[in-house]
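K.L.:
The listed protein sequences correspond, in order, to chains G and Z.
Just so you know, we're using the numbering used here here: the first sequence kicks off at 1 and counts up by one.
Just so you know, we're using the numbering used here here: the second sequence kicks off at 1 and counts up by one.
You can trust all of the hints, since none of them are fake.
Taking lysine to any residue pairs in the SDA-like style, the calculated list, with each CA pair at most 20 Å apart, reads:
1) K118(Z) <-> S114(G)
2) K118(Z) <-> L141(Z)
3) K42(G) <-> E29(Z)
Source of the hints: derived by calculation from the structure; they are not laboratory data.
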Amino acid sequence: MTLNEVKHILQCEVIAGEDRLNTEVRMGCGSDLMSDVLAFTKADALLLTGLANRQVIRTAEVADIRAVVLVRGKRPDAEMVALAREQGIPLMVTNVLLYEACGRLYRAGLPGCSEVPAAEGGTAG
Amino acid sequence: MNGGTFRREFEVTGGDFYNAGRVSTEIKEILRQIGIAAPKIRRIAIAAYEAEMNIVMYARSGMVILQVTPEIVRLDVSDVGPGIENIELAMQEGYSTASEEMRALGFGAGMGLPNIKKNADRFEIRSEVGKGTTLEIEVNL
Ligand SMILES: Nc1ncnc2c1ncn2[C@@H]1O[C@H](COP(=O)(O)OP(=O)(O)O)[C@@H](O)[C@H]1O
Ligand SMILES: [Mg+2]
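This is chain G alone, in the form it adopts within the complex (with noise of 0.2 Å):
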């Protein structure tokens, strides 16, 4: 599923990465514990996070997430928009709830992170 599908399944503002919206997501990971989501998501994941601060930006860069969608209408600070920008991270946020924002994204496809295998090989991207 690439981001410019998720924008419009969540109708979702974009606030960075405008012009990566044909990235394309493996897979679905909803989650407020960064822990979690550096355990159970693999490569090339989409983050939907009630969380809104720099540290949910830091994790999606660890772990090869290719896209984070802030639910319930939570608003990023300026800092986290920096950073997201800065690693180019793409960031969007939606006023759809976790549980709703989660199920739309499945009913239209995209799996959940134990539901695909890993990446394989190449240099990151």
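Chain G is fixed; fit chain Z with the ligands onto it per the hints.
P.N.:
The following block gives chain Z with the ligands in isolation, referenced to the frame of chain G:
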């Protein structure tokens, strides 16, 4: 580890949540430039990030030494801090002494040390109460 090794040291400051994760991001970029495969980089970066977060959350100051040879990537993480009284307990999934403030940042699920171990091919932890903690983390290439 012998000659021909890439080696770099990074300092981490306890309590500096603003910069927390910067070292791991830098390590990731270095490994990318060296040309290491993405899945290995991801494992090393996750281990480095959890270790870095633990220094920021629990210790006064710390250091991460990155070494790369043709065979392995190695991280030596050491800190000056309170140390860990019961390592066996600290290694259990879900055990955490993180404060509310840390939990609000999304950490303190008690998964950090288990995450490091899971992503490493070799992992060792030593700690002395009142002095500090050291981690040895290796990933085979
Ligand atoms: N460098 C450290 N110095 C002192 N205590 C630590 C350190 N790293 C971990 N700990 C202790 O071990 C516990 C478990 O750590 P960890 O598995 O990373 O989970 P979390 O950080 O989410 O609590 C921490 O809550 C803390 O009590
Ligand atoms: Mg931790």
